[in-house]
Amino acid sequence: MAADFVHVGKTYRNGLFARSGVTAVRDVTLTVPAGSVFGLLGPNRAGKTTLVKLLLSLSRPTAGSVARLGEPASTRRTLGRVGYMHENHAFPRYLSASEVLHFYGGLSGVSGEELPGRVDKLLERVGLADRSREPISRFSKGMVQRLGLAQALINEPDLLILDEPTEGLDLSGRQLLRDVVREWQAAKRTVLLVSHVLTEVEELCDELAVLVSGNVVYRGTVKELTRDSSGVRRPLESALRGLYANEVAA
Amino acid sequence: MTLADSIRTIRWMIRDTLRQSLSTKLFWVTLTVTAVCTLFCASVRVHGDRPMVRTEYEVPAVLPKTEAERIGLEKAKNDGVQVISGEMTVGFGAVSVPVGHSREDSVKFLHVWLAGGLGDTLGVLLALLWTAGFLPTFLEPQSATVLLAKPASLWAILFGKYAGVVGFVGLNAILFVAATWTALGLATGVWTTAYWLAAPLLVVNFGIFYAVSTFLAVATRSTTSAAFGTLLFWMFCWAINYTHHRLVMNPVEGMTPIASYLLEVGYWTFPKPLDLSGIFFDAMKADGFGTKVGEFQALQAAGKFSPEGAVASSIGFGAVVLALAAYEFEMTDY
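Line by line, the protein sequences give chains A and B. Using my numbering, count along the first sequence one by one with no gaps and you end on 250. Using my numbering, count along the second sequence one by one with no gaps and you end on 584.
Because the hints were derived from the structure by calculation, they are not lab data. Note that the Cβ used here is the ideal one computed from N, Cα and C, for glycine as well. Careful: at least some of the hints might be erroneous.
[Claimed, not checked] Under 7 Å between C-beta atoms, here's a sample of chain B residues computed to sit facing chain A:
id: 1; residue: W262
id: 2; residue: R269
id: 3; residue: Q270
id: 4; residue: S273
id: 5; residue: S393
id: 6; residue: K400
id: 7; residue: P401
id: 8; residue: A402
id: 9; residue: D583
Modelling step: build the complete structure from the supplied sequences, incorporating the hints.
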């Protein structure tokens, strides 16, 4: 499996002497199968980003265990096989696009011989080849997002985590992202897609999990979710609305 | 992570920090300060006496020209007194200062003041203030999350950032010393090397207190806390250092053994900015160009001061705080 959460809970402590806390994830048991495109959906503050952070070792669980690519998440070595893109990248503004990719590629463990070739190829792929030497302080949000995608792909990851990736992307950028996801799908690599854009999830994901208030309230295929009890197909949005309402009422 | 991986991470982080510092206004500010001081040094001229020949057993009898004129130049000459008749000008001759000693000593006077400003209190405090924002900016969640999701040791990332900032300060110090030393040398023909000690002193002094700034930055992610917390800590250390020397040399009646013990523990635990200044003063052979803090001088004269112990315990404190910062960094949620 690409990611495995077993009875995971996460409470962020705050206040003087950490006496108060906010529970972001309650008791999540979830497996992301290798080679699939897996969607993670849920309303704001459902705990989606916290799960992603736990998977990336950016946070530690307060309960349960998290495994990444078959090893405990505390083993940082496996991060070398993970690519991560999130919605609000703040790359060092003094670097150019090419320097950003060299920097993150170097830290990802890509060898010095391979790095220049990969950087050129990826800049070409995301449409930034002609702006590669410009400082990114001059880039628009969409261009920074494209660079973020290139950064996530620099180590040719086995697990690609995309957290709200289409935020700020124009139509061609969104198409580029879809192409990348499909390419990863075809290569039997894993993509974990966290998104609010339902059409994207519907179109790309093999499976999905829905998170509400820190709990998994649904795990299955899009097809199963969008069929009501009488077998009639309904829009994903209305299916999700039903799930959210049930959880809030509970 | 292997050692090779960690070294690679540190190298990348140092390179990135240097790039970051070169792109900030800070680099241009320090460059301007260096340029102004270099221009000042290039404007210095010393006319008159050559360096005096001194031997170990001879205490030379010298008088400045004005003093000798009062006594009578002929009389002074007959008495074997060497009359110093030089003159130092700064600002390309705009301001003239009579030279009280040899030309070499006049240049050394400038060296001591420049090095004191750079490597001692002022330079360290300014560098701490100027660089306090580097780590909090780097640790902002939006920029840190992608970086921290890379397969690099967190301690190596933090240490690389720390080393990059210390390296930046060191580079600036070397540039300052090299430029002013060369300008003064070319202008006066005096090339004493003790001045170069200012650069390593600044790096050691800064490195110790920047470890505290790093810890505060990791714990609070706030530039204000890192800057002012470190300055307050520096003052606290200076006060402990001074109080220790004062009470060792002038014990207060009624001071309990526990209080003395705690003061001794405090002295040996915390960095010692006062002692580091004194050691630098001695290394520069700056007697006659300034004065050391009296309590330090008294302790030294009494043979109760250990320079090796003072330097080693100060560096040790910096290393421990840096290790604590790395631990805090590992434990923090992003």
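Hint numbers the structure violates, sorted upward?
Per hint list: zero violations.
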